[in-house]
Amino acid sequence: MAAGGATTATPTITCFHPKRIEMEMLGPEESVESFTEVVKGYSEEQARLEADRCVECGICVATCPAHMDVPDYIRSIRDGDYAKGLKLMYRTNPFPATCGRICTRRCESVCPVGIQGEPVAIRWLKRFIADQVPADEYQRILNDQPGSSGRQVAVIGAGPGGMSAAYYLRRKGHAVTVFEAEDKAGGMLRYGVPSYRLPDAALDKDLDYIRSLGVEMKFNTRVGRDIQMAELLDGYDAVFISTGLWVPSSMRIQGEEHPRVMAGLRVLDEVANGRDPGIGKSVAVIGGGNVAMDAARVSRRLGAEVTILYRRRIEDMPADPEEIHEAQAEGVRIVIQAIPVEVMDAEQPGRVAIKWGEAEMVPDPNGGRPRPVLQEERMHTDSFDTIISAIGQGSDLDFISKEDQEQLEVKWGKFIAGDYQATRMQKLFVGGDVANRTADAISAIEDGHHAARGIDRFLSGAAGSGAV
Amino acid sequence: MNTVDEVLDYAIGQEEEVAAFYASLAQRAEKAGMKDVLMDFSREEQRHKERLLAVKQGEHELTPEQNVVDLKITDYLVDVDASDDISYQDALIVAMKRERAAYRLYSDMAGKVPEGELKEVFVGLAKEEAKHKLFFESQYDERVLSDN
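If you're matching them up, the sequences are chains A and B in order. Numbering follows our numbering, with no gaps: position 374 of the first sequence is 374. If you want our numbering, it's the position in the second sequence, counting the first as 1, plus 468.
If we strip away everything but chain A, and leave its shape as in the complex, we get (with noise of 0.2 Å):
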């Protein structure tokens, strides 16, 4: 209270703009007209005022599962330096053009800018800087010049887990052959994430440059068929495996072996590959993670009306909320607690009909996220001409063999890993979404990197060696 009664305003005072530089985007009616990448990226001008938000704390840099140094790589922006950005970004990632794209950005979900605006746009500008250097002048500013320890590592997986594990080993000079079952790199960053939101040019960009380091890849080569598990343990001097998660999870409900079904990775692989997976021009789509939600917005791309039917709520949706955001604004229509218990031969010939109840949400007892149990009072029949399930994927560790099994820890289809990704078989180390919880790439990127640490301590000797 002033003097005489008088009151006076506080004025605030911020140091940074609470409004994030808006990214410029193709509009939903654009973007559904094909694949071409929505987000278009930041200017050079876009980018330094963005950059200029950051408030440099490093709360960013603990969250990050890569620990990638976000407010120096920011700060290059600043001062215009994009090649001393890339090379800090390469110290924990060798996914930046990827990353800048797809990556889950714990690090935003913690910056403090967002408690009084919106948190920076770090992946955006993790983007910005990758593509501001051109492919051919890595090599001249990332200078990694691979030596030759004479030791070499097998590596069963080319997703982000096992060319972030590449990458890292090849820079402390052990040679590193790839065994991939498909005819490319990238693993689910190629096959499961559409070209709208990762374009290959991005991808390859990232892939391209770990491969000219020396790395051999062994393509269409399925480790358990193409080659033993045993032969790699005995020729190796230590192996990697970063398999992912391939199998999707079945729906174990009457009818689902219906041909008009659908996985939604075979929709997403189909369309990868540039083939029609012929879904008609009504879809249903089965989940609310990130493979439904692709798998929706790909279809309303192929032309087709989509509803997706999902158990629980929108804010239970384990799909990034900016994916369903755009997907709901590109027309996808989202059934909100529905439970699919049936499916069947739809009256028309060639469709499908899927029985489903409506749900309610009781809170768990043991104070988890609330649990839908369905009314079997409100039941409902809709037909469509496919139905894609996506409801969850699983691993296919039938390539390790039972005696190897017995040594090893697995839990509900996932490796247990030890320090630095080992396991309990020597010279066996695991990373990716086979072996952790969270299944997204940044992970698996940083599982990659932790298990060429371990990797390289355990070839020279076990303890030592420092980062990578």
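Hints were generated in silico from the structure; no laboratory data involved. A hint or two may mislead.
Chain A side only, calculated, beta carbon under 8 Å to chain B, not exhaustive [claimed, not checked]:
| id | residue |
| --- | --- |
| 1 | Lys40 |
| 2 | Arg252 |
| 3 | Leu397 |
Ideal Cβ positions, reconstructed from N, Cα and C, are used throughout, including at glycine.
Once you've looked at the hints, dock chain B against the given chain A.
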């Protein structure tokens, strides 16, 4: 089954049988990690058996809760084989179906006996089985229906 002790002995025998079933399946399980999962199931059934033994000896009461939530996940799932290459998803389905069958048995029995101590025991056993079913259904909800 005309006395409370006879009913409890039957229930204890059932839990023992199911525990042995999971232990046997665990020995044959081919998929990575399934031995441990099935042995966990077996130990869970052993705990149920011990709980019922405690009830029989008057050291414990049957489930006192008014109602146990029925997620109804089991009701619409197809039957699966308890084969040697059983997956985690199918192992949970087998477990849920077994708990549901036991729940239905005791519920039916409760409906067939007059009011009294015997009926209370059947109702109590049905609630125990409902709780066990909820345990497995919650696991299925969390781990198999992770994206759903």
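A quick look at each hint next to the structure:
1. The criterion of a C-beta within 8 Å of any C-beta in chain B is not met by A/Lys40, whose closest approach is roughly 29 Å, and the hint is violated.
2. Hint status for A/Arg252: holds, given a least beta-carbon distance of 5 Å to chain B, under 8 Å.
3. At a threshold of 8 Å, the smallest CB-CB gap from A/Leu397 to chain B is about 4 Å, leaving the interface hint in force.
Hint 1 from the list above is the single one not met by this structure.
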